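> Residues per chain are reported as follows:
Number of protein chains: 4
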Amino acid sequence: MMIIMRPGAPREQIDHVIEHIREHHLSPHVIEGVEQTVIGAVGESHAISTGAFEGLPGVLAVQRISQPYKLASRQFHPSDSVFPLDPAPLRSGDFGFSVGGEEIAIIAGPCSVEGRAQLFEIAQAVREAGANALRGGAFKPRTSPYAFQGLGEEGLQYLAEARELTGMPVVAEIMAVSQVEVMTKYVDVLQVGARNMQNYNLLRAIGETRAPVLLKRGLSATIDELLMSAEYILSGGNTRVMLCERGIRTFETSTRNTTDINAIPVLKSLTHLPVFLDPSHSTGHAAYVAAIAKAAIAAGADGLIVEVHQDPAHALSDGKQSLTPEAFAKLVAQVRAVAEAVGRRVTTVQVRAR
Amino acid sequence: MMIIMRPGAPREQIDHVIEHIREHHLSPHVIEGVEQTVIGAVGESHAISTGAFEGLPGVLAVQRISQPYKLASRQFHPSDSVFPLDPAPLRSGDFGFSVGGEEIAIIAGPCSVEGRAQLFEIAQAVREAGANALRGGAFKPRTSPYAFQGLGEEGLQYLAEARELTGMPVVAEIMAVSQVEVMTKYVDVLQVGARNMQNYNLLRAIGETRAPVLLKRGLSATIDELLMSAEYILSGGNTRVMLCERGIRTFETSTRNTTDINAIPVLKSLTHLPVFLDPSHSTGHAAYVAAIAKAAIAAGADGLIVEVHQDPAHALSDGKQSLTPEAFAKLVAQVRAVAEAVGRRVTTVQVRAR
Amino acid sequence: MMIIMRPGAPREQIDHVIEHIREHHLSPHVIEGVEQTVIGAVGESHAISTGAFEGLPGVLAVQRISQPYKLASRQFHPSDSVFPLDPAPLRSGDFGFSVGGEEIAIIAGPCSVEGRAQLFEIAQAVREAGANALRGGAFKPRTSPYAFQGLGEEGLQYLAEARELTGMPVVAEIMAVSQVEVMTKYVDVLQVGARNMQNYNLLRAIGETRAPVLLKRGLSATIDELLMSAEYILSGGNTRVMLCERGIRTFETSTRNTTDINAIPVLKSLTHLPVFLDPSHSTGHAAYVAAIAKAAIAAGADGLIVEVHQDPAHALSDGKQSLTPEAFAKLVAQVRAVAEAVGRRVTTVQVRAR
Amino acid sequence: MMIIMRPGAPREQIDHVIEHIREHHLSPHVIEGVEQTVIGAVGESHAISTGAFEGLPGVLAVQRISQPYKLASRQFHPSDSVFPLDPAPLRSGDFGFSVGGEEIAIIAGPCSVEGRAQLFEIAQAVREAGANALRGGAFKPRTSPYAFQGLGEEGLQYLAEARELTGMPVVAEIMAVSQVEVMTKYVDVLQVGARNMQNYNLLRAIGETRAPVLLKRGLSATIDELLMSAEYILSGGNTRVMLCERGIRTFETSTRNTTDINAIPVLKSLTHLPVFLDPSHSTGHAAYVAAIAKAAIAAGADGLIVEVHQDPAHALSDGKQSLTPEAFAKLVAQVRAVAEAVGRRVTTVQVRAR
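As given, the protein sequences belong to chains A, B, C and D, one line each in that order.
Under numbering that gives the first Met the number 0, residues 0 to 353 are what the first sequence spells out, in order.
Under numbering that gives the first Met the number 0, residues 0 to 353 are what the second sequence spells out, in order.
Under numbering that gives the first Met the number 0, residues 0 to 353 are what the third sequence spells out, in order.
Under numbering that gives the first Met the number 0, residues 0 to 353 are what the fourth sequence spells out, in order.
Next up, chain A with everything else stripped away, as it sits in the complex (with noise of 0.2 Å):
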């Protein structure tokens, strides 16, 4: 049973529906938003009338959340969640644009930050073919402990110079809770990478931040799992997350992996948040990204993130997926034209004024 409380109520009416909600055996998790505080009565709660809490002072509305996840269901939210993605000391809306409305978010950028001047060519190439958003990666999950491991803070300083440079909001992916510190002192969007998916212990750090998330799925995660670990973020009061499919560990081994496309539409039918794709990812070759770009803006996905890289077969990694900058603005045009024919529309995001 989830227990909303009017926006502003002080503590003591928080403390009493949690002492009430312990009367009836059941476990009180207080989940303090931006804009209200939600308490979770977890348990044994089907036998127990949602007018146990309804009369209580300062709550504004009772539900009883059939699925196992509860703030990430539609059940919870029936609309879709829409927001920018300014990280929250700045004004909402800065970027010029929403993710999970009208607009589509085309994150594109290198897999890996190789040095400031690859970055800002192809952050200024990007910026020009169409895409909304930064991407790049200064802290890398290598399968192997020999491989390069990315830049670390050095990364994320270009991104952030990046930013300045282009307007665009930066998205890096973050590996561990001793990083949250300086990721979010640099970068907008922190990224969960498929193999962190069910590191808990970040996730819950995630949760206390307020920036923004691009949860991917695990290679063999259920949609279930992937919605309960937004669950784990969104119980600590963070918002904004966006869920990213990126393909599956399957029997085919014609594609890096299987772009699960079915996720999209059952994600968006038990989830009011935004959902990404990552053609770069699902399939493994840079020839089908942009088929299975204009596939996901079709299939009703809200973003896409793509790899591009000025040299791909230099790349320090991922360059057998990673799209020219002539390939990706492209694509860009080919994903317009799906996107209108679907009632969306990409944004070509504002230079903003700082």
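Treat the hints as calculated values from the structure; they're not laboratory data.
None of the values given here were measured: they were computed from a predicted structure.
Be careful, since some hints might not be right.
Taking CB as the label site, the calculated pair distances span [to be verified]:
#  : chain 1 : residue 1 : chain 2 : residue 2 : range
1  : A       : H313      : B       : G7        : 50 to 58 Å
2  : B       : R141      : A       : R73       : 30 to 38 Å
3  : B       : G318      : A       : H313      : 53 to 61 Å
4  : A       : H23       : C       : S78       : 46 to 54 Å
5  : A       : R141      : D       : V81       : 45 to 53 Å
6  : D       : S177      : A       : E120      : 32 to 40 Å
7  : D       : E325      : C       : R63       : 28 to 36 Å
8  : C       : A332      : D       : A286      : 27 to 35 Å
9  : B       : G54       : C       : A312      : 51 to 59 Å
10 : B       : T347      : A       : R73       : 51 to 59 Å
Using N, Cα and C, we set each Cβ at its ideal position, and we do this for glycine too.
Let chain A serve as the given structure and place chains B, C and D on it in line with the hints.
Chains B, C and D alone, transformed into the frame defined by chain A:
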């Protein structure tokens, strides 16, 4: 090595080439197509020069094909295969459209033919909604020996009548070699179901016919295996093979199968054969069918096959994934918009005068 | 509901039961076994009391089976099915051992029968090493239409000769309904391959015979689907069905397939039919076959089917996974030790006088 | 290339080798083991002769390892790794047995430590039944943020007390870098769960400790990826890594996971590290645990980890797959017989005097 004979090359020239193949310790496979004869020379051919065959009388060209499937590969046939769905003895182009070219084929109808009135009602409804071919099962492969197994020949008769009524070609599943005669008597397109994708005796028998074939991918067949199964049919001289992705089996249980949308661009790059998608089986839920149908066309598919029933709740099979005629009409309108965005179009079938 | 008739119940009693079934709006399925007739009453039977049939003349018992497979379930037949592998017209117990009881069956031999001398050499070698049945393929299901397709009837003749020579029953794969006659003429056990597990027309045809059947699990078939396929055969009245796990298709590529060892105890709990494992196909590498053979017996399997070749490097098919006779002899010795540790034994076949 | 230094090689010799590595444009990775220092030279090394390093002062040997995992490979360490489970500061061999050799380790205990009395009761029961190590979770990775998350440090204290009581080493799961200190204070073996198999920051932190590690395979991790994750730990100088197959995710739903029994012989051929199997998670049903435990030992596993609970129906987690102490005692007796059949033995732990 594939040795392509000139059109009309006499029997003795063919025999002469065969003799030469044997002298090089290779196995000859003669493939007598409608327009030309191709002779495969299979075995350790990499050390043998194409020149060994190029000068022989009647030889038009000699090709080395690196892939295990030969006639199905783009190396062998670089341009897209485009063909009408008319049964061979009738005149070509009869139904007013072709598959594999600019036009998108939309095959729709009930999972099973349940009776004459049911079939006619659905046939007219999908025709009006914009379908250009009719599907319906008369022999049903059912997991349980105790389940409804289809109306058999009676169902085929209704399908033939529905073709007369609507002008649409009819598609039905063939399950056994013993059904070849009755199937080709009544229906236009032979569908090979997922369970029979590697029923090689059936594939060979179909290769002997000249009927268009819709070959569905097996539940756990790789893309290469699908192409090898197509090769069984092509090597019998039947060139009108359409491939159909219908979902593969993975760990994800929120949908009946996982639509392998990657298979669309992968197949389009490897083969010249038209590629279809069956969003009804690949999702298993009516609610997700339209989203995946749009995704398929955006990704480059040449056609769709969709289950439609006037009363899904009471269908004898596959009710959960069947669309109502109204939902199907909406799907066609949406698919039409996406098709135009990617430079294709949905043709309305012409009612033919016979 | 399954209605078991008394042995020798006359036709009119059976017809009377059928009539009663129809009066209750259920479908009758008459299964004429060697010893007794069982009549399935399929449909919405949960509201009908078993008493409706228990009193009818000739009825021995009435059982409600909750699972979709009926004759294959342990509910229907609580004790293990134990039977010899002799073809029906011969006398029972002829080969000196039974499957499904305390004795472990070890079927061994080449993937393909390549010639008389090759087969006889392997047959004698595996006989000496401790095998108690001989396998060999005469009709081969090959992914490529251009690959070696087996010796056909000639191969079957060699198998029949090898049986005379060694006293071992012979097992070969059947691929098509049209092969039933020739197969039952020469071989003792009909093997249904993974690709044909849901070739329902073939299963029905085999159900009409009285030959023992080794039914292999499809590459991506669930355990329930395997049991439903067995039901197709059983419902034709053929009760000697053996199930065979041979590896399923997963993401793991270090082995050809993934041995689903769990399937052994799961099948033993759900069904009374004997359960085999094929470690050659389930691993695809000779180096791993013995370990998995031991595991199968430790987990409760009733038998093994193993590929053996005198010269694996030059085998016409499956050489990589074939054991040499020496390696196979070691496997048998190790399996014998494990079998004894779990209360089973490997019987050496008796050379029979004919 | 792996450059193995002589035991006790002084710092300047190591530095000299590093310098030489850099001169050949390779990256040096210094791995300081308890007994010897190994320096990996990573990069384009195939054109460089091993002679370039063999003559340098302090160098014992130079090895070329073709696999991406180096320290984990059998090429690097041909004989089996055999080691005791004692925490590093204590004297070796303390618990009276080693893993990886002739002795089979059987780790048993509850999924979660639920309280002192519960843990002690199970600990004594599994000790009597023949277990030689105790498992119990204090930090629990749960899919839902609202589920029981474990007792934390309190649970670890109970585990340490249970070790004193029973003389068995204790195994518990570590979920985060921040838990390294408290975990190594209380427990003997650090378990890395399936969800954290690719949490590289955690693996690196564990590589810095000298505690034995039980590294579980991820739900959809390949065998190669498991070995790469082991390499992360080994490259930190921690050599006591045990690998654990715990079931992979496939399409089959009759069991919680699919036990990849093939992984046992495959791992034993690729690596020198001990290999365990967790039949509780790999099946998910108490009824199948003993069969799979026996299969694991027959296939060559070095140990088992089994969930046992005195009241499975009321366990706070994983009750369905937990054995009662009685069922566990039967499992040990059966495993003992199979172990002897394959030349291994189950050692009873010695109660140690401290």
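> Decide, hint by hint, whether the structure agrees.
Status of the hints after comparison with the structure:
For A/H313 and B/G7, the Cβ-Cβ distance of about 53 Å falls inside the hinted range of 50 to 58 Å, so the restraint holds. As the Cβ distance of B/R141 to A/R73 is approximately 35 Å, the hint placing it in 30 to 38 Å holds. Taking 53 to 61 Å as the suggested C-beta distance range, the pair B/G318 and A/H313 conforms, at roughly 54 Å. The beta-carbon spacing between A/H23 and C/S78, approximately 51 Å, falls within the hinted interval of 46 to 54 Å.
Our hint of 45 to 53 Å for A/R141 and D/V81 is violated, since their Cβ atoms are close to 31 Å apart. Hint check: D/S177 to A/E120, Cβ distance near 39 Å, so the stated range 32 to 40 Å holds. Range check, D/E325 to C/R63: Cβ separation about 32 Å, and the 28 to 36 Å hint holds. The supplied range of 27 to 35 Å is met by C/A332 and D/A286, whose beta-carbon atoms lie about 31 Å from each other.
Between B/G54 and C/A312 the C-beta distance comes to about 37 Å, which lies outside the given range of 51 to 59 Å. The hinted window of 51 to 59 Å between B/T347 and A/R73 is violated, with their beta carbons roughly 37 Å apart.
Figure legend: structure checked against the earlier numbered hints; hints not met, in rising order: 5, 9 and 10.
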